[in-house]
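The listed protein sequences derive, respectively, from chains A and B. Note that the numbering used here has the first sequence beginning at 959, numbered continuously upward. Note that the numbering used here has the second sequence beginning at 414, numbered continuously upward.
One should not assume that every hint holds.
Sample of chain B residues facing chain A (criterion: CB under 7 angstroms; computed from the structure) [said to hold, decoys possible]:
1) PHE464
2) GLU465
3) TRP478
4) ALA488
None of these hints come from the bench; they were simulated from the model. All C-beta atoms in this analysis are idealised placements derived from N, C-alpha and C, irrespective of residue type, glycine included.
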Amino acid sequence: MTEKRYSSAEDEALVRWSQKGDLEAFEELVARHRDKIYARAYSMMKNEEEAIDLSQEAWVKGWQRLAQFQGDASFATWMTRIVINLCLDQIRKQKRQQTESIEELDEESGGVERQMPIFAPDPLAGLERAELRKEIDKALGQLTHEHRTVLVLHEFQEMEYKEIAKAMDCSIGTVMSRLFYARRKMASLLAGLKKRD
Amino acid sequence: MNEQDLKLQAHFDGELPEAEARQVMSRLARDSDAVALLHTLKSTRQALSTFEAGIKVPETREFYWSKIRRGIEVAEASEARVQPVRESFLFRFRRLLVPAAGVALIVIAGMVLTRDDWAGRRVELETALADSKAFTYRDYASGTTLVWLSYPAEQENSAGVGGTID
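Next comes chain A alone, as it looks inside the complex (with noise of 0.2 angstroms):
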């Protein structure tokens, strides 16, 4: 099996090829979602080394799970799912209770709402791609992990309040004020650059 033929395959074929076995095939396909996988345990953990570790085991785990991939999803999606749960159990694992229940109490009793007046004008119209991403990396960095990990299930993610909470184990309530706490704060902050602009 030549590199040419893997490489101009579908995704589909390199799925029944890998999961007969052949590692050439999954490597075509770690080859070329690695950077969405990559990047969505990035979102979720903003740290590199723990992005690239989680993403990594999320491939060997769909390594080992291939046959229960019926293709209801793209296998981009399917992937996703399996480095979302993986970045879960990890920040489950490092939850500090001590600087959540702080920020907790601010979004409860609407700290954040008192230092964020509502504005219309767009913040981030002018600004340059590469200065955006970096801006908004910056910002999802001073989330806590609660508010990140909601924020990038819903809006990169894409799923449901209903299926967020179960994820998260909390209530479609408490999603959807982490969820408005989070996109507020966002906003508060990406509304600083055009300030100091």
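Given chain A, put chain B in place with the hints provided.
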């Protein structure tokens, strides 16, 4: 945050039932703060949509894959070690299961054969396991007991000898 803002967010996310969605639309028609909030939610979503597209794995293809391949090899080696243990356990379990099932069948057969049925008629069959040449039949309704003894062919006829006891 208040309940109205959360409903507006749910409406934006397509998670609000239709009746409540109409209330949100009505609010948006008269409340400029609600409009501004909606705009903020849209802008944030738009900004986030471009975020992951620019993220690349900070390792070469070969290096990144080499660690995955190693992980797969380790996982498969670990599975191979566990598999023989599982198989020998199943094998041992099966060795106990067959005789246990045999005993259970004998008990069930005994219970079936000694039960009261057939309009009160009770019949009992008995074989003396120690001496497989003896067979006893008892009919309690008629008070009949039949004992069948099988003798060696050279002593009597090979059909055996039976007698009834009333």
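A quick look at each hint next to the structure:
1. PHE464: holds, 5 angstroms
2. GLU465: holds, 4 angstroms
3. TRP478: With a minimum Cβ separation of about 6 angstroms from chain A (threshold 7 angstroms), the hint on TRP478(B) holds.
4. ALA488: holds, 6 angstroms
Taken one by one, the earlier hints all hold for this structure without exception.
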